[in-house]
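*Asks:* Residues per chain, in single letters:
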Amino acid sequence: MSDATSNANTIDAPTPEKGIAAAEAKNNPVLAADGTPLKKSLRRALRAQKLRALMLIAPLLIFVLVTFIAPILDMLFRSIENQIVSDTLPRTTSQLSEWDPATDELPPEAVYEAFYYDLFAAVEARQHTRLGQRLNYENTGVSSLFRGSGRDLDDFREDQVEYIEDFSPEWEDAGYWLSLMSGEGGEDFLDTRRDAILALIRESKRSPLGDLWCATIATCATAPEDIDIGYTPSAEVIDLLPRTSEAYADFALITVLEEEDSIAEEEPWEAVYVALAQDLAETPESELAAFSGPQAQALVDLKAGLADVEAQSFRDLFAQSDDDWVTPSPWRTIQTYAPAYTTGYFLNAADMQKTPDGPEFRPENERIYGLLLQRTMFLSLTITFSCILLGYPIAYLLSNLPMRTANLLMILVLLPFWTSLLVRTSAWKVMLQQQGVINDVLVWLGLVGDGSRLVMINNQFGTIVAMTHILLPFMILPMYSVMSTIPPSYVRAAKSLGATNWTTFWRVYFPQSVPGIGAGSILVFILSIGYYITPEIVGGTTGTFISNRIAYHISSSLNWGLAAALGSILLVVVLALYWAYDRIVGIDNVKLGG
Amino acid sequence: MSDTVVITETKTLPYSFTLPVVGGAGAFFGLFVGTAQGSGLLGVVIGFVLCAALAWVALSLAGVKNEKGFKWGCIALFLVAGFLVGGAPGLVLGGLFGWFLGWFIYWIGRGRYRMFLPPYLTGGQVLWHYSFRVICGAIFVFLITPILVVMPLSFNAENFFTFTPEMLSFDPAGYSLRHYRDFFSSAEWQQALRNSLMIAPVATLLAVGFGTLAAIGLSQPHVPFRQAIMAILISPMIVPLIISAAGMYFFYSRIGLQGTYVGVVLAHAALGIPFVIITVTATLVGFDRSLTRAAANMGANPVTTFFRVQMPLILPGVISGGLFAFITSFDEVVVVLFVGSANQQTLPWQMFTGLREQISPTILAVATILVGISIVLLTTVELLRRRSERLRGLSPG
Amino acid sequence: MKLTKTLLATTALTVAAAGANAESHVEMADSMTIVSWGGAYQESQLKAYVEPYMEQNPGVSVTWDESSPEAVAKLRAMDEAGNITWDLVDVTAADAMRLCDEGLAMEVDHDEILAEAPDGTPATEDFGDMIVSDCFVPQIAYSITNAYRTDVDEWEGRTPEDICALFDTENFPGNRTLERRPINNMEWALMCDGVAFEDIYDVLETEEGQQQALDKLDTIKDQTIWWTSAAESIQTLADAEAVIGSSYNGRFFSAIVEQDQPLEMLWDAQVYDIDGWIIPEGLSDEKLARVEHFLKFATDTQRLADQAKYISYGPARASSVPLVSTHAELGIEMAPHMPTNPDNSDNAFVQNYEWWADYRDDIDAKFQAWLAR
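Taken in order, these protein sequences are the chains called A, B and C. Just so you know, we're using our numbering here: the first sequence kicks off at 1 and counts up by one. Just so you know, we're using our numbering here: the second sequence kicks off at 1 and counts up by one. Just so you know, we're using our numbering here: the third sequence kicks off at 1 and counts up by one.
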């Protein structure tokens, strides 16, 4: 432990740089043994040395970057990621962007129509409840709105659907539909739709790296962008029946990519019929008659027949499904959270929320994270301070005892360090609870009455005691390594010059031990800020940390974005401290008792 | 302390000093016994008188010659007194107090407390010296108590987590080995042990392998971006565990490592790396570079130099870093809970679910076994450290 | 060229599909990972159906994962990774609905994959209302209810008669232990604040109603130890840290009857819930075949009745109820300990899952903020 703490780069000794500088100063090139100028030769040696050092470090650096840094960055990304809204409701969000949420007017029919087709595809891909849940974080009730209307969607414009199905048996035949929609020239159209559906079902295309991997090393399943859908859309039909083509393409893609069925055998879903009815109503008869496919006459007949079937507006249909759709509230939420990236989670983590008028604080009774962050800071500071108070005498004692004794006592410090955290925490529970060891002893000694046992657990006191115990070794070890480098001669000199014990300690010894306190404090503070299991077990409601909420959002409420935002805030605090730590003591000077 | 030299002669101190001090100690303990029995004041008085009287007996009647006899007598007296007052627990506490008092009387009365201190210290300085030791002792007790509580509880005969009245009265019926039997006979615990033993060594090996290489690289004199690289490599120790766990959970899910053996091993290796880096670079600070140059000079190639010269010298650092990495993985619960799946249930995971689903002292039995292992490992580290210092030519202190 | 390829591929697919259909006996995997809750409940599953199944089918191995509390989160993560490592998951009804909605659980045809009752009643009728979701195979009915210590001197012989004893700190002083989440606690608080059973969710929907519930809970906040896992609450009561509190009725049964703790059930206003299996979406054919084979066995009439020998949860099949017999070790009659027993279910309360699915996040935020203050 008495190692010199000097750092390898500060050694004041001849180095290649100094050699070169010396050579330059003299202005006459010194030659190396092989005849090249010394400067060049030295530089080459230096480069080789740097390269060798980097080669040695590279494997670990890559390892840590992949296994640790990448996950952290990925988590940071989740705190702003919000593609789910625009991926699930692409048409709706683009239509909604023109609507002014500040007015009390409802969005136009076009929005409801786009929403119908988007939601239908999402229901078939079973993605709508996930979106509902995402939006429910921002606007309570949206979850059931999506779930409920998702169930009703099949019955929208039921009359039209039934009319087409009953019109002629062909319209219920998968093959008939396939031949109507198939043709030439629609490859690009299908690719565009494929991108949209892949985004909806959260599949990603294979990257070039993946292609390489699959081509050389592994045998992979077909990449989602290469899976054959079973038809090529007809460019003519796309022009003639745009909505139907889109709805059919969505149906085909989800059927093949998600359900792994064949479109030659599956009857299209209701939205395709609704789209067809809509298209037919808007397309002049002459255009339909000019259609080159064999179904031209059938389309003309269908159009004529459908003219008598009443179709309610999409807005009315949604209103029947749930009144809330004809209030601006859900639409405002969708519009506010339409962008692919959002500050919503961070605002939430700061007890704020997004409104059409910009960020606002949440109502008083929902604010929690500011309080928790404050409490985390306060508890961590208290724990750090208790650790200094308890750790300083121990570190002092250890560094002033003969080494053998110190090392034996060091085992007492390290033993709890190596005892399972869970066990130590439960031991504290056994010790501190009202029927626990300490209260029992106090009652037995008569210091406390049986009826007035002390409450020492499930509150901040419990957290402070247990965490101080758990983190104390992290305070003692750095303090000890600093204190053991303080030469005893200073103290002796001070005393022989007539200083009192207190003056010697306070003016001579203590200032030299401050780096140890700094190192230990920052280490303890950083570690305590992120603790979660101990406060969970002994902290009750007032002694828990912000980490407990992070864990809760990951495993219970499933609000991963909020968990990531809270985690990012915590990480920033810790990194700032880490930077300070590096400034004050240098990372190299962390010692672990060895 | 056996090799410490006696630097101050001992002598019998005047009664005017000894009796009040010993009596004071007696009064202090008497206070507790007194309050427990109903009257604190009476306890103080009896304690004071009794202890002062015993001190007088020891110093004037028994003297140094009969020291042993007096001490045994003292223990016997308080054993009986303790038993009469408080039954079995009283017996133990009484015995302990008797032993302490026997020693304390002579320590004070004969001035033995100055034996190892310089003769010129003032009374105040001596008092401070011992008060400081007592404070440190109390802190050590604070550090150790939870472990001391866990050990007896692991022999609890009941299926609960608290001291039963039978245990407190030292009734053998209150103790049993059933939780140890549970541990050794339960397939789940054994599977957890096997998993821990499959994960920890591999993670350690990865951490030590990469870590040692990188530490050697980092301690070269010219490393570009040294600070930044160091910061990245140390980060697994600095980033709060919950954040690491969450990040790994999401990321490993994306790349299909969540819930796999490889995923857990990689995660644990990453967590262990800072320990290896820190201990190995610390060893390398004291490493004399001229040794490798000498080896190279004598014709050894770099690989030979590394394994024959450098490695033996830094081995203690490598091993102690490896032990830290091993324990990190062996004791880690947060990350494995997120990254692992049923097939990677480690001991700490099993303990965690044990705590959550059924609070059973089996986990205390496991903990006791683990503490035993920790002691063995720590002793190994200490022995290695001494060996390292011998090799490096430093005196073993 | 492309067309030929497509044609060839489709033909191959069709042939393969036809082959698979003809070959109805798919090879079954010989290992299963079953996810459950641990503790006495998992033990009852092991004894009642996993062990008998393994006896009948030697060579099948079962791995347990005690992750049911985090099942939804973990299944989501597995789904993101495209790597499902679980084969059969035990979840509560609310979680099953959530998983089914998200497409993480497989929809099943109950009549096809589950056994009929001995008298030939199809599974859907035998399970009846318990099938709350297309993905859910019900197993047991349990309840979250309360129990109190019988040895509290300060109570001077009074015993709690109804749920409002929780809030009656005058007659029943001492610590309480309640679950650290709003569900159930908010309902109980309103019940004891004069809100009628049928109005509870209407009241709770309003800001004022939520505040009313929190205000009621505020009266006992200082004396409540909040638990997150059921074992904690039992331990707290067994240690006499708390004198009255909530947990699952099966946990109380094992503490009272099997471990002889001085506790007594307070069945008033118990909240029913259902627990059962879901099959994760995306299993391989072999795995699925094994799981379905097991599930048919594990949820038949006799097996569900057998489970009640080990734990006091009511079987989900109507046809199992008459077969419920005595405790496997203690030999006592199990029926009086079932939450569905008429003596216990006078004033039982049924949780509204749908409602909570909407208000969970919002009320939880308020509840946790209230707790933290």
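Bear in mind the hints are in silico, worked out from the structure with no lab data behind them. Please note that a few of the clues may not be correct.
Residues from chain A that keep clear of chain B, each with C-beta distances beyond 10 Å, as calculated [claimed, not checked]:
(1) Phe68
(2) Ala319
(3) Met410
(4) Asp440
(5) Asp582
Here are the in silico distance ranges between beta carbons for each label pair [to be verified]:
(6) B/Val80 / A/Trp502: 16 to 22 Å
(7) A/Thr542 / C/Ser345: 36 to 42 Å
(8) C/Pro58 / B/Phe142: 40 to 46 Å
(9) A/Asp261 / C/Thr219: 55 to 61 Å
(10) B/Leu177 / C/Pro58: 51 to 57 Å
(11) A/Glu109 / C/Glu354: 36 to 42 Å
(12) A/Phe77 / C/Ala348: 43 to 49 Å
Ideal Cβ positions, reconstructed from N, Cα and C, are used throughout, including at glycine.
*Asks:* Each hint should be assessed against the structure and marked as holding or not.
*Replies:* Checked hints:
1. Phe68: 4 Å, violated
2. Ala319: Answer for A/Ala319: holds, closest chain B Cβ roughly 39 Å.
3. Met410: 8 Å, violated
4. Asp440: Violated, because the least Cβ-Cβ distance between A/Asp440 and chain B comes to about 7 Å, which does not exceed 10 Å.
5. Asp582: A/Asp582 is in fact no farther than 10 Å from some Cβ atom of chain B, at 7 Å.
6. B/Val80 / A/Trp502: 16 to 22 Å: 47 Å, violated
7. A/Thr542 / C/Ser345: 36 to 42 Å: At roughly 37 Å between Cβ atoms, C/Ser345 and A/Thr542 fall inside 36 to 42 Å, so the hint holds.
8. C/Pro58 / B/Phe142: 40 to 46 Å: 55 Å, violated
9. A/Asp261 / C/Thr219: 55 to 61 Å: Because 58 Å falls inside the window, the suggested range holds.
10. B/Leu177 / C/Pro58: 51 to 57 Å: Check failed, 33 Å falls outside 51 to 57 Å.
11. A/Glu109 / C/Glu354: 36 to 42 Å: Between A/Glu109 and C/Glu354, where Cβ atoms are some 30 Å apart, the hint is violated.
12. A/Phe77 / C/Ala348: 43 to 49 Å: 47 Å, holds
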